[in-house]
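Colleague: Just need the whole structure built from these sequences, with the hints factored in.
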Amino acid sequence: MDYGKKAVTWKRLLPIFLCLLSILLAGCDLGNNPAPTVKKLVKAPADRQVYTVPQVGVTDITTLDPALVLSTDQTSMSAIQMIYTGLVQLDDKLQVQPQLAQSWNVSPDGLNYTFHLNKAMKFSDGTPLTSADVAYSIDRALQPATKSTVAPIYLSLIKDSDKLLGGFIPTLIDDSLITPDANTLIITIKKRAPYFLAMLTYPCSFVVEKHLIDSYKTAFTDHLTEGGSSGPFKVAQFTHGKEIDFAPNADYYGPHPQLHKVVFPFYQQSDNAYHDYQIGQVDTTGVPVSTFVTDKKRSDFHQIPQLWINYYTMNYLV
Numbered sequence: 001m002d003y004g005k006k007a008v009t010w011k012r013l014l015p016i017f018l019c020l021l022s023i024l025l026a027g028c029d030l031g032n033n034p035a036p037t038v039k040k041l042v043k044a045p046a047d048r049q050v051y052t053v054p055q056v057g058v059t060d061i062t063t064l065d066p067a068l069v070l071s072t073d074q075t076s077m078s079a080i081q082m083i084y085t086g087l088v089q090l091d092d093k094l095q096v097q098p099q100l101a102q103s104w105n106v107s108p109d110g111l112n113y114t115f116h117l118n119k120a121m122k123f124s125d126g127t128p129l130t131s132a133d134v135a136y137s138i139d140r141a142l143q144p145a146t147k148s149t150v151a152p153i154y155l156s157l158i159k160d161s162d163k164l165l166g167g168f169i170p171t172l173i174d175d176s177l178i179t180p181d182a183n184t185l186i187i188t189i190k191k192r193a194p195y196f197l198a199m200l201t202y203p204c205s206f207v208v209e210k211h212l213i214d215s216y217k218t219a220f221t222d223h224l225t226e227g228g229s230s231g232p233f234k235v236a237q238f239t240h241g242k243e244i245d246f247a248p249n250a251d252y253y254g255p256h257p258q259l260h261k262v263v264f265p266f267y268q269q270s271d272n273a274y275h276d277y278q279i280g281q282v283d284t285t286g287v288p289v290s291t292f293v294t295d296k297k298r299s300d301f302h303q304i305p306q307l308w309i310n311y312y313t314m315n316y317l318v
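Using the numbering used here, you'd call the opening residue of the sequence shown number 1 and step up by one each time.
Derived pair list, reagent style SDA-like, types lysine to any residue, alpha-carbon separation capped at 25 Å: (1) Lys-210 x Asn-118; (2) Lys-217 x Ile-169; (3) Lys-191 x Tyr-202; (4) Lys-210 x Thr-127; (5) Lys-242 x His-260; (6) Lys-159 x Pro-180; (7) Lys-261 x Met-121; (8) Lys-119 x His-211; (9) Lys-147 x Lys-210; (10) Lys-191 x Gly-166; (11) Lys-43 x Lys-261; (12) Lys-210 x Ile-153; (13) Lys-122 x Thr-201; (14) Lys-43 x Asp-245; (15) Lys-191 x His-116; (16) Lys-163 x Ile-189; (17) Lys-210 x Pro-128; (18) Lys-210 x Asp-245; (19) Lys-217 x Gln-237; (20) Lys-210 x Gln-143; (21) Lys-210 x Ile-186; (22) Lys-210 x Thr-63; (23) Lys-122 x Lys-210; (24) Lys-242 x Asp-222.
Because the hints were derived from the structure by calculation, they are not lab data.
Modeller: Structure, rendered in structure tokens:
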């Protein structure tokens, strides 16, 4: 789908499950016939602008809190990256690009990053999204009460983050997180680190809505239909144990998605997802080993590269 020049690509929206599925069936025909010289594209009606992506091996989403999501939790990660976003993002070549921040400057000593936010941004309930919300979200992720296991890693470069995590200071706001105005955020880090911007692309830096959390505390993720989205999609409906539905966020500052709805149904068994693909209930599925030989001959069979790292750790205690 074309989101425009500053598009949030499918790799941005659904990176995890696409990386894990090296062999996919996709509900479209990409045959080898040559393209016609002139092709008229006709947009499907709204009720057909629906993309249904089965989430296999799960019965529910573990968390919709970006401060808590683990990189190994593929379903939660994919959902969170639909709903929220942060200052910067990675493009298809894994290069850092602007997102909520349209630009930034780095001080000569490499310790101060000044982010200039896009103006007139809003959450999905119409509430203004400002630099104070970005500072709050980063600070919240590092608060001991949040109990994030990822923020201490990805946000460890921020000055005094260790003091906050240790309970020695109450907040980083007005310390290493400064908001001179509604569209400017200054982050001070401990040491020069060219990779700091890349660290900010992990969801624990994504922007959440303070008043929603103030109202519902840790249960705010069950009330995202009321607001809270800073990304291109918002939660339209969430039925625990069945599926979560996303709709375009009309208040998103950037180009709006062309899809009318995205659906994540939960499948504990991959065979059930494969069956539902065969009858047209879902739009993509993994190929079972038992049917690989025949399925790879289908016109809707596609193989995609994986972004995958394997490593060994040494046990020095034995």
